[in-house]
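Trainee: Sequence:
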Amino acid sequence: MARKRYASGADTSQQSTLSGKLLAILILVMVFAVAIAAFRLVKQQQAMTITGKTAEVTQLNDEQFKLSFDVTRDDTDTDSYCIVKALNYDMAEVGRREVVIPAGGQRTQRFETVISTREPGVSADVYGCATTLPFYLEAPDAPSN
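All residue numbers for the sequence shown refer to UniProt numbering, where the first residue is 1 and numbers rise by one.
Just to be clear, a hint being listed does not mean it is correct.
Stated by the list, open to error - Cβ-Cβ distance ranges computed for the label pairs, FRET-style:
1. 139 to 53: 51 to 57 Å
2. 63 to 128: 20 to 26 Å
3. 92 to 140: 29 to 35 Å
4. 53 to 122: 15 to 21 Å
5. 114 to 32: 44 to 50 Å
6. 96 to 56: 31 to 37 Å
The hints are simulated quantities; they were obtained by calculation from the structure and are not laboratory data.
Every residue gets a Cβ at the ideal spot worked out from N, C-alpha and C, and that includes glycine.
Start from the sequences and build out the full structure, keeping to the hints where you can.
Mentor: See the structure below:
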């Protein structure tokens with residue numbers, strides 16, 4: 001009876017060692033996956049081919065802002081778009097607009113747009129820009145000669 005009691009303790013020790021190894025391997029795999037995801041995110045942000053920067057903000061009235069912003073693109077042959085937003089005192093978004101940047105023009109161009117707001121705002125800013133237009137946005141037709 002004593003052998004049975006002490007023998008089962010050895011099996012428990014082997015099981016806990018095995019589960020500890022599995023846990024260590026699982027943690028290592030998770031750390032590796034997070035490192036790969038972080039690396040891809042950094043590379044993607046470094047490869048940004050279009051950026052938008054706020055140039056001037058004018059409050060037209062309690063419900064509208066005029067935003068002038070500069071767009072710099074690596075590829076001017078591709079249609080792009082920028083999302084601009086209006087903010088209130090708490091820096092919460094109270095208005096948003098998507099502005100299509102048509103192909104052509106110089107590498108850096110200035111654009112203006114009016115942003116309507118749901119409530120009084122205090123500022124406006126460029127949220128971000130991208131080169132892949134969503135399905136619901138259409139680029140303006142190229143001028144014909």
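Trainee: Now tell me, hint by hint, if it's right for this structure.
Mentor: Each hint, compared with the structure:
no.: 1; hint: 139 to 53: 51 to 57 Å; in the structure: violated (22 Å)
no.: 2; hint: 63 to 128: 20 to 26 Å; in the structure: holds (24 Å)
no.: 3; hint: 92 to 140: 29 to 35 Å; in the structure: holds (32 Å)
no.: 4; hint: 53 to 122: 15 to 21 Å; in the structure: holds (19 Å)
no.: 5; hint: 114 to 32: 44 to 50 Å; in the structure: holds (48 Å)
no.: 6; hint: 96 to 56: 31 to 37 Å; in the structure: violated (19 Å)
Checked against the numbered hints above, the structure breaks hints 1 and 6 and satisfies the rest.
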